[in-house]
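Q: Assemble the whole structure, with the sequences as input and the hints as a guide.
Okay, here's what each chain looks like letter by letter:
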Amino acid sequence: MTDKIGCAIIGSGNIGTDLLYKLGRSEVLTPKWVVGIDPDSEGLALAREQGVKTTHEGIDAILDVLEDDGVQIAFDATSAYVHPENSRKMNERGVLMIDLTPAGIGPKCVPPINLQQHAENREMNVNMISCAGQATIPIVYAVSQVQSVDYAEIIASLASKSVGPGTRHNLDEFTYTSSSAICEVGGSRRGKALAGINPAEPPMIMRNTIYCLTDDAPDRQAITASIQAMIEQVQEYVPGYRLVNGPVFEDNRVAVFMEVKGLGDYLPEYAGNLDIMTAAAAQTGEMFARRLLAGELTLEPVEAATS
Amino acid sequence: MSHANPQRLPVSDHNAALRERQVVVHDMSLRDGMHAKREQIPVEKMVEIATGLDDAGVPLIQVTHGAGMGGNSIQHGFALASNEDYLKAVIPRLKQARVSVLLIPGLGTMRELESAHDCGIASVHVATHCTEADTAPQHIDFCRKLGLDTTGFLMMAHLNTPDGLAAQGKIMEDAGAQTIYITDSSGYMIPQDVIDRVEALKAALNCDTQIGFHGHHNLGMGVANSIAAVQAGATRIDASVAGLGAGAGNTPTELFVAVADRMGIDTGCELFALMDLAEDVVTPFMDELVRVDRESLTLGYAGVYSTFLLPAKRIAARYGLSARDILVELGRRKMIGGQEDMIEDTALTMAREQGLLDDPAA
Chain L
1 MTDKIGCAII GSGNIGTDLL YKLGRSEVLT PKWVVGIDPD SEGLALAREQ GVKTTHEGID
61 AILDVLEDDG VQIAFDATSA YVHPENSRKM NERGVLMIDL TPAGIGPKCV PPINLQQHAE
121 NREMNVNMIS CAGQATIPIV YAVSQVQSVD YAEIIASLAS KSVGPGTRHN LDEFTYTSSS
181 AICEVGGSRR GKALAGINPA EPPMIMRNTI YCLTDDAPDR QAITASIQAM IEQVQEYVPG
241 YRLVNGPVFE DNRVAVFMEV KGLGDYLPEY AGNLDIMTAA AAQTGEMFAR RLLAGELTLE
301 PVEAATS
Chain P
1001 MSHANPQRLP VSDHNAALRE RQVVVHDMSL RDGMHAKREQ IPVEKMVEIA TGLDDAGVPL
1061 IQVTHGAGMG GNSIQHGFAL ASNEDYLKAV IPRLKQARVS VLLIPGLGTM RELESAHDCG
1121 IASVHVATHC TEADTAPQHI DFCRKLGLDT TGFLMMAHLN TPDGLAAQGK IMEDAGAQTI
1181 YITDSSGYMI PQDVIDRVEA LKAALNCDTQ IGFHGHHNLG MGVANSIAAV QAGATRIDAS
1241 VAGLGAGAGN TPTELFVAVA DRMGIDTGCE LFALMDLAED VVTPFMDELV RVDRESLTLG
1301 YAGVYSTFLL PAKRIAARYG LSARDILVEL GRRKMIGGQE DMIEDTALTM AREQGLLDDP
1361 AA
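If you read the sequences in order, they're chains L and P.
Residues 1 to 307 (my numbering) are what the first sequence spells out, left to right.
Residues 1001 to 1362 (my numbering) are what the second sequence spells out, left to right.
Fair warning: there could be bad hints in the mix.
As the list claims (entries may be wrong) - Pairs of lysine-lysine residues, derived as DSBU-like cross-links and limited to a Cα-Cα distance of at most 35 Å, are as follows:
id, chain 1, residue 1, chain 2, residue 2
1, P, Lys1313, P, Lys1045
2, L, Lys89, L, Lys161
3, L, Lys161, P, Lys1202
4, P, Lys1088, P, Lys1313
5, P, Lys1313, L, Lys161
6, L, Lys89, P, Lys1145
7, P, Lys1170, P, Lys1145
8, P, Lys1170, L, Lys161
9, P, Lys1202, P, Lys1145
10, P, Lys1334, L, Lys161
11, P, Lys1313, L, Lys261
12, L, Lys261, P, Lys1170
13, L, Lys261, L, Lys4
14, L, Lys161, P, Lys1145
15, P, Lys1088, P, Lys1045
16, L, Lys261, P, Lys1334
17, P, Lys1170, P, Lys1202
What the hints assert, rightly or not - Residues from chain P that face chain L, not an exhaustive set, calculated with beta carbons under 8 Å:
id, residue
18, Gln1075
19, Gly1106
20, Thr1109
21, Met1110
22, Gln1138
23, Lys1334
24, Gly1338
25, Gln1339
26, Asp1341
27, Thr1349
To be verified - Examples of chain P residues lying across from chain L (beta carbon under 7 Å, computed):
id, residue
28, Ser1073
29, Ile1074
30, Pro1105
31, Leu1107
32, Ile1336
33, Asp1345
34, Leu1348
In short, the hints are calculated from the structure, not lab data.
Just so it is clear, CB atoms sit at the ideal spot from N, CA and C, and this is done for glycine as well.
A: Structure representation (structure tokens):
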């Protein structure tokens, strides 16, 4: 199969630019446009160097050329505040939206848990939750597959240099979206997400701690095996996803201490938060792209009535 | 209250410039002190201490979970009551004092702040690490829209230069903060560090923006640093009655008020009432005496977040390690407030390296 599905990246910050590198290597997706709002954006300059069309005039500048340029999938790496409008405009033109902001208007996606299901449901907007969600919810799910989890709590520590203005302005949305995803996708009854930004030099590699409170005494062997299996699944698209310590069991509390080292595509390896977010989004885009290429999926414009 | 009026005591003549200077004392014992009590202060005890502070003329009292809004968690411990329950019990009982809360973006959210506002709070510390002020503008703006007295609270301020800290304070001021705090979360600073930072903030901020100092007593410098801050121009001082706070505690309120009285600084607080509250109510209520001991001194010496003290002691005992070694390692790894999970992670790694872990899944 030589054809690839055209896609657009909305947002030329850290996440959008890291995603550009990953989509550039894809066998089934090809980036056609990167959309920014700042003419001096480093991300737009890098995109032009790679022969990808760019605009600094926002999403409206490309709406009329989507069809001619064969754009069928858009990745939104802007902000939770503008995502709903971006999504409406893309969906109206039959373009599938993969949301990397914490807006969370579409179903939440963690590839090894529910990507297949979203593809089969022909969703037109899929939300990637948050970097911390991608790094931690697989572990919550691995525990909740063994036995019921009453409460799960995740703590993400991010290197200051890896956290761009969009994320910094969306910390509340990060908290809400990640917390609800711990329940909806992770399978815990209650959930809470915390994020911290650490400015240490040299920058710290992204760390994530996952706590689960099980209803009954935890089955240590089964939970340990389930977590190991899940880590291997995530490693298929994020090679730097690594267990540092745990699982540690104390009464009904299961504690797992993870590290995410990035591939160093746009920002250096410490920015595992970028890597796991963009790798998960690329996986998601590729799943839909394969189905489009195989003729199992066609995209239709979505009526603009919903708001 | 019929205590002797401390203002009648002789005032030192060496500080004529400070005479009549007004300083707002902000008591932290019912928020920072929650750390020292492992978040286990009953509602009735909070009311008792808060009304005691109110009677002693303390104008501002911070209440709730040690980590503030959204603090109830495995990471930061679960308090005996919800933040709303504490606030609703305390606020109606106060005659003059106003109540504040702490909001750390990334942990607490605007929804939780709105809920606290509905309970009747008057003031907020919006806190970030000393280099990450740009995570707070939305929250600061929201506080101002609610009509709250709004402080930008720059934690672990020893980890930024005076000019760097001033630039961060400016971000918070631009967002609407009326007061900017230098927060010595590790109790690491000595007076010149404080003076340099107050002066840098004064130079960078609008003249009507107030400057505050929040000290920890890990090097025994809480009062000296607070006085240095006032001398350099700060007008708000955080303190805790009996020092009840994280690490070796905060600047003890009664101690600061006593020194302020001697220097002629006007706090409006009644010393003997505070002394009695500290001695008769707060100190007997401590689980262990809040003081400079080996581990809390380590916090101050190594520049480690004060709240790490009790979890580090508990985890050290669990894995057969030295709490001091864990704290020093956390300092070396540059862990900051909010990374309490890394205490156990660090201990596990140390225990494995020392051959203390038999079963990797222990």
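Q: Would you list, in rising numerical order, the hints stated earlier that this structure does not obey?
A: Violated hints: none at all, because every hint is consistent with the structure.
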